[in-house]
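**Student:** With the hints as your guide, set chains E, V and G onto chain R.
Protein chains: 4
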Amino acid sequence: MSFPKDLLNGYGNYLQKGFVRHKETHEHLAVYGQKPNVMVISCCDSRVTPEGIFHAGPGELFVMRNVANLVPPAEDDTSLHGTSAAIEYAVRALKVKHIVVMGHAKCGGVQAFRENANAPTLKGDYIGRWIKLLEPAAISLACMPVDKIDDPQLAMEYAGVRQSLKNLVTFPFVAEQVSAGELELHGAWFDIGSGELRVMDPETEVFSVSEEALALEAQNG
Amino acid sequence: MSFPKDLLNGYGNYLQKGFVRHKETHEHLAVYGQKPNVMVISCCDSRVTPEGIFHAGPGELFVMRNVANLVPPAEDDTSLHGTSAAIEYAVRALKVKHIVVMGHAKCGGVQAFRENANAPTLKGDYIGRWIKLLEPAAISLACMPVDKIDDPQLAMEYAGVRQSLKNLVTFPFVAEQVSAGELELHGAWFDIGSGELRVMDPETEVFSVSEEALALEAQNG
Amino acid sequence: MSFPKDLLNGYGNYLQKGFVRHKETHEHLAVYGQKPNVMVISCCDSRVTPEGIFHAGPGELFVMRNVANLVPPAEDDTSLHGTSAAIEYAVRALKVKHIVVMGHAKCGGVQAFRENANAPTLKGDYIGRWIKLLEPAAISLACMPVDKIDDPQLAMEYAGVRQSLKNLVTFPFVAEQVSAGELELHGAWFDIGSGELRVMDPETEVFSVSEEALALEAQNG
Amino acid sequence: MSFPKDLLNGYGNYLQKGFVRHKETHEHLAVYGQKPNVMVISCCDSRVTPEGIFHAGPGELFVMRNVANLVPPAEDDTSLHGTSAAIEYAVRALKVKHIVVMGHAKCGGVQAFRENANAPTLKGDYIGRWIKLLEPAAISLACMPVDKIDDPQLAMEYAGVRQSLKNLVTFPFVAEQVSAGELELHGAWFDIGSGELRVMDPETEVFSVSEEALALEAQNG
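Protein chains in written order, with the numbering used here: chain R, 6 to 226; chain E, 6 to 226; chain V, 6 to 226; chain G, 6 to 226.
Incorrect hints may appear among the rest.
Selected chain V positions facing chain R (in silico; Cβ < 7 Å) [to be verified]: (1) Asn123; (2) Ala124; (3) Pro141; (4) Ile144; (5) Leu146; (6) Cys148; (7) Pro157.
Derived from the structure by calculation, the hints contain no laboratory data.
Backbone N, C-alpha and C fix where the C-beta goes; we use that ideal spot for every residue, glycine too.
Next comes chain R alone, as it looks inside the complex (with noise of 0.2 Å):
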């Protein structure tokens, strides 16, 4: 068992050319520590990264990732919480001012809940207990669809992160933040195969190429 050769030549790499980029930044945040702005909770997809979508450098995106980027609600049990626990770091210890929950196409996650929709979850099936954290997703949509979406793989990746946006000011110190005008809730979703990055408005709950984006691109373009 030797450690992969890829991962080795990729860090190679990455010493010649990444980490001499930000060589003084790294020196910085490893004596004064992280002080990240903002916190993504995002999939573990292998074709999303959010560092390189948003294009951050170190230090610059604190970064929950977990099978189709869920938020459980708040829970006072004793039970382990691993997402809960980012959260309440990022905000109560870190106090980033943006949380931005990135869904994407294609989920793997949002797809094994669609075709197991109301299955039974059996003891060790830890991604069937996971997933069912969709279901308030899948209620609402059923019940209060946003807007009409022909496409139900869609429609559920972009409930899945609405509900997570509900979920995330069930914990008393986002609420607190969020009201204080210190902390920001944001949804936002991706494309894999176009690159596409949509933004949902915080009032109509609907997901679009922002207008700032698309004059990004322009101006860019």
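**Tutor:** Same frame as chain R, now just chains E, V and G:
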């Protein structure tokens, strides 16, 4: 509440550079799905980006990130287990060949654990409960130290990775694939200030800069 | 508190007309007991009377009516289950050959569910808890829509009937009789305004005016 | 599994006769909703149709039907309560002015209760648990008989109606409306063979053919 301008700027940059570079890969991944060879379990810390450190492109790494890069042991209860769900998905659905648990220097989660050792965890204290996963690591470290390290923070960072690797094989689906030679488990540790990557020797459980990495560095440098 | 005069007037009318027409049937049914062929599970709604819609005389339909014509799944607990008790009585004691679950337009129970999707149910909120039986229907609707219906209220009315039919076969005594070819389960939906009856195709689960009903209408018309 | 032909035939008949007679009422009810004045709680028995017995048209009666026309007492638990939900909906949402609990002769549910008095209820025995709701009725009957009736089946049918009326006022929303003079509760009993309707005197709790009904019969006859 408008979407953070920094992120939109970064995204504009990504579209012009990163996405263009991988355009065909993205189109292929959108149609044929992801097939990553490697899962990385890493910290949410904004200074530690697996795709950056391993210079990995889209589709290469399935990345779970939580506070202090922890793997809980297998549990037969009905609670949520986000990390376990991600591991199950990587091993069962994606059939990854490697899982890398990567710790790092200056880990805030490890530090919080050390500063609150044996403190009771209050209701609603998600971080406190989560990092209690380090307790068996601390006990091992105190009772059976692998090597002599004067820095207790670093020693605990290493011990955390070792414990997560031990917990990984408590999942039957991991143990089976490891026994069958279809899955390898690896420990690693990243130094934020110097960019140094240390790899754990699977026999001795000692962390050091791998000779292969050194050779690569010499070659590249 | 004297008995409502309208009801007594109606009863006087019934005695002169309805009862006289079925006098012998009544006498026979009083002596030999009921032996209905069909159970109908329908809503309490004052606009939906199974005996009216199916022009059924005394002894023909065993009728359970509750809010939103719901069938709960089989439960192995010690709670009260009025609907399940009625189903058990129909299948085991009366040996009915058909169970028809009949939804209807403008269902207030379905509407209340949609308007309060994911709302917490308070103690003493009987309606709220009861209509939560529609949650799996909503999840199915969001995940695996059977057909494209623009009206979310109608879509949920259909989904509720489909879920109740699924729940029916969770009762062992129902499943056994269905397997043995001794019992058939049917879905239907009644449009209050037009009087239209739509029947669910057991294969496709799509609701439509049955060709047989159309033929009958043409014949009669 | 095709929809029962008898029902489709009956429906064809209904469309030609029943629906046509009430066409405008139906159209009005579809647009403006139901506003029934009366809720009837009746048995599922195929020989007892409230709309038939009270000669009621669409929109007049909100009808809950369960085995043995039983009302459970108010419960502060989290179980399903279909009958209580229907009562809550009738009183709170529809603001009915009258609730009629109507028993009937030859009730199979009452008979099953009598034949299995004090038998243990097994798991999965829904009927057995449901009709245990008659236990307080039986105890009252044994301890404080209202009148002398030689027929124990009939005595229990009456006692069941009385108990359901007592249980109705255990719901705070029922008790409040009754106290405010906004809601009246009534007991009734229907004789299948003769078509006779007996009404319960609210003071004496004795059932008899109401004088008003007799007068109406004389008038009509």
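**Student:** Under the constraints set out in the numbered hints, which ones does this structure not fulfil?
**Tutor:** 2
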